[in-house]
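Asks: So you can see what is in the structure, the chains are spelled out below.
Number of protein chains: 2
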Amino acid sequence: MDVTALAQSVKAGERRALARAITLVESAREDHRAQARALVAEVARNGRQALRIGLSGTPGVGKSTFIEAFGLLLTAQGLRVAVLAVDPSSARSGGSILGDKTRMERLSRDPLAFIRPSPSQTHLGGVARRTREAVALCEAAGFDVVLIETVGVGQSETMVAEMCDLFLLLLAPAGGDELQGVKRGIMEMADLILVNKADGDLKPAALRTQADYAGALRLLRRRPQDPEGFPKALTVSALAEQGLKDAWGEMQALAQWRRDHGHWDRSRALQARHWFEEEVRQGLLASLTRDPLRGLMQKLGTDVGAGLRTPDEAAGEVLALLGR
Amino acid sequence: MDVTALAQSVKAGERRALARAITLVESAREDHRAQARALVAEVARNGRQALRIGLSGTPGVGKSTFIEAFGLLLTAQGLRVAVLAVDPSSARSGGSILGDKTRMERLSRDPLAFIRPSPSQTHLGGVARRTREAVALCEAAGFDVVLIETVGVGQSETMVAEMCDLFLLLLAPAGGDELQGVKRGIMEMADLILVNKADGDLKPAALRTQADYAGALRLLRRRPQDPEGFPKALTVSALAEQGLKDAWGEMQALAQWRRDHGHWDRSRALQARHWFEEEVRQGLLASLTRDPLRGLMQKLGTDVGAGLRTPDEAAGEVLALLGR
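Going line by line, the protein sequences match chains S and Z. Take the first sequence: its letter number 135 is residue 135 in full-length UniProt numbering, and every next letter is one higher. Take the second sequence: its letter number 303 is residue 303 in full-length UniProt numbering, and every next letter is one higher.
Source of the hints: derived by calculation from the structure; they are not laboratory data. A portion of the hints provided could be inaccurate.
To be verified - Facing chain S, from chain Z, some residues (calculated, C-beta under 8 angstroms): (1) Ala-12; (2) Arg-16; (3) Trp-264; (4) Leu-270; (5) Ala-272; (6) Gly-283; (7) Leu-284; (8) Leu-285; (9) Leu-288; (10) Val-304; (11) Gly-305; (12) Leu-308; (13) Ala-314.
Said to hold, decoys possible - Far from chain S by the CB rule (all over 12 angstroms, computed), these chain Z residues: (14) Ser-27; (15) Asp-31; (16) Pro-227; (17) Leu-239.
To be verified - Okay, the calculated bits of chain S under chain Z, using three or more residues with CB under 8 angstroms as the criterion: (18) 39-47; (19) 266-274; (20) 284-291.
From the three backbone atoms N, C-alpha and C, an ideal C-beta is built for every residue, glycine too.
Please work from the sequences and hints to get the whole structure.
Replies: Here it is, written out as structure tokens:
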């Protein structure tokens with residue numbers, strides 16, 4: 001593969017080249033990995049930056065409806081929007097988020113939009129690497145906004161938050177005053193909480209939920225990267241296309257404030273650092289599946305299965321050999 | 001700490017000793033780690049085995065009500081039941097599952113039951129290690145059933161399934177014919193799907209949901225470890241305490257069949273092997289946070305943040321140094 005030519009085409013904003021480039025970074029083949037690395041290094045030189053927005057929400061809150069309506073709002077303003085998905089739970093046999101492009105039929109036909117479903121990867125680390133590289137490719141291709149969707153439970157939020165400039169939490173209206181089992185840790189990551197489905201019968205419940213979360217957010221410790229009033233809880237209706245413009249206005253205001261006060265650069269530096277650390281971790285783990293370690297792991301695994309060694313003893317042997 | 005004495009007390013079934021032992025395996029301190037390892041090796045010698053049951057379900061399906069009712073059913077039969085929780089999403093600032101023991105007030109007061117909330121750990125790997133060791137401790141302490149609860153999205157299911165003899169998926173009745181966004185991968189891990197809340201107004205919906213899942217399960221490829229008719233979908237009502245005895249009957253029948261046909265031992269061998277592999281992975285990753293690597297990671301991380309090196313270049317340096 002001609003990596004330099006592919007990099008040129010990506011930087012020229014050619015969608016087909018971008019899709020091919022992402023397929024390359026998704027590949028687990030060693031030779032592809034080297035090419036992917038060269039490609040990402042090559043495209044990163046043009047220094048373009050998109051607004052990286054992470055979006056989390058459990059199934060049923062209307063994530064795809066929101067992404068479609070929000071994406072169309074942005075493209076109507078002439079902005080180019082890329083949508084990527086992170087769904088580690090799809091590891092075993094293919095997931096559902098963004099799996100079906102017809103979920104966002106209008107947005108996927110929009111020439112200013114680019115939608116890429118979650119890849120099937122066995123490890124969250126593999127998904128993380130691919131997503132970081134895909135974000136870099138989308139930025140180089142001139143997208144203004146890169147939206148990274150993830151499911152609303154587990155460690156994938158933390159991972160997505162570590163590669164984003166803004167983090168949105170999408171919620172459905174809750175019955176009563178329950179806070180929907182949203183983990184405090186996830187709330188603490190959110191820059192903006194959007195209570196969706198604020199339309200029709202659900203509108204009163206949505207407003208109550210929004211008030212509940214606004215109250216809960218006020219109880220959190222103020223973060224240095226937030227101006228007065230943030231993080232914020234708003235209501236939106238993706239279906240009725242209401243509140244989206246306001247939400248986008250808040251995102252822009254927050255991003256601008258962070259740029260003006262040095263937090264943007266600090267966040268980007270931290271994002272790069274997380275990337276580095278994750279690469280080291282994944283590289284170390286990958287060595288276990290390659291010779292000569294692979295053979296040893298298999299032999300000891302068999303011994304452990306047969307009860308000849310305890311898991312701990314066998315692990316100690318491998319680690320001692322590696323000088324760890 | 002006198003590890004041998006603690007091991008004796010654990011094996012004698014003393015709850016307070018068990019609680020202290022689990023606290024020890026949860027500790028991240030290096031000296032505690034060595035003691036924990038010695039403790040687990042020591043207690044494992046008595047060779048007792050519990051039935052390890054994994055239980056997954058998203059927030060709102062009634063997991064704690066189910067665990068309480070199911071646990072009380074077992075203790076009423078004279079069985080000793082330990083309940084552990086795996087909640088990686090609690091990493092950042094403490095989670096909610098089993099965090100509040102009052103959720104299972106009756107069970108927690110039962111002398112035959114032992115309930116242990118999820119520890120706060122930064123990594124899923126750390127949670128995995130602690131849980132495996134806690135399971136080993138509970139088995140040595142003579143518990144008949146160890147129930148491992150996890151939340152219903154993400155990779156924690158896979159992790160729990162890798163340390164269990166049986167895996168249950170708890171669901172709520174769904175509206176219409178939607179399959180609740182349950183990932184195919186999770187369905188494929190389940191030995192038993194329990195549709196909870198099959199009482200009152202929700203009963204018809206629960207029956208429909210059960211039929212939907214029974215149909216979906218029939219479409220999956222038959223697994224070697226299943227007798228005819230498994231995996232199975234049933235309805236239960238934890239609140240009305242209905243269907244639990246049947247569900248327990250199915251679990252026992254399945255476990256017995258697997259014992260009789262060699263699958264139990266094979267599964268235990270595989271569980272031990274997963275444990276070994278995870279120990280190696282965690283050991284490798286832990287070395288990054290200890291000197292001399294820690295210093296290098298920090299220096300390169302700073303360089304990456306400052307843009308002096310790309311994440312990939314810096315990672316390459318570390319990995320080259322380690323001969324990976």
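Asks: None of the hints should be skipped; say for each whether it holds.
Replies: Taking the hints in turn, this is what the structure says about them:
no.	hint	verdict
1	Ala-12	violated, 22 angstroms
2	Arg-16	violated, 25 angstroms
3	Trp-264	violated, 13 angstroms
4	Leu-270	holds, 7 angstroms
5	Ala-272	holds, 5 angstroms
6	Gly-283	holds, 4 angstroms
7	Leu-284	holds, 5 angstroms
8	Leu-285	holds, 6 angstroms
9	Leu-288	holds, 6 angstroms
10	Val-304	holds, 4 angstroms
11	Gly-305	holds, 4 angstroms
12	Leu-308	violated, 10 angstroms
13	Ala-314	holds, 5 angstroms
14	Ser-27	holds, 16 angstroms
15	Asp-31	holds, 16 angstroms
16	Pro-227	holds, 23 angstroms
17	Leu-239	holds, 17 angstroms
18	39-47	holds (count 3)
19	266-274	holds (count 4)
20	284-291	holds (count 5)
Hint violations for this structure: numbers 1, 2, 3, 12, all remaining hints satisfied.
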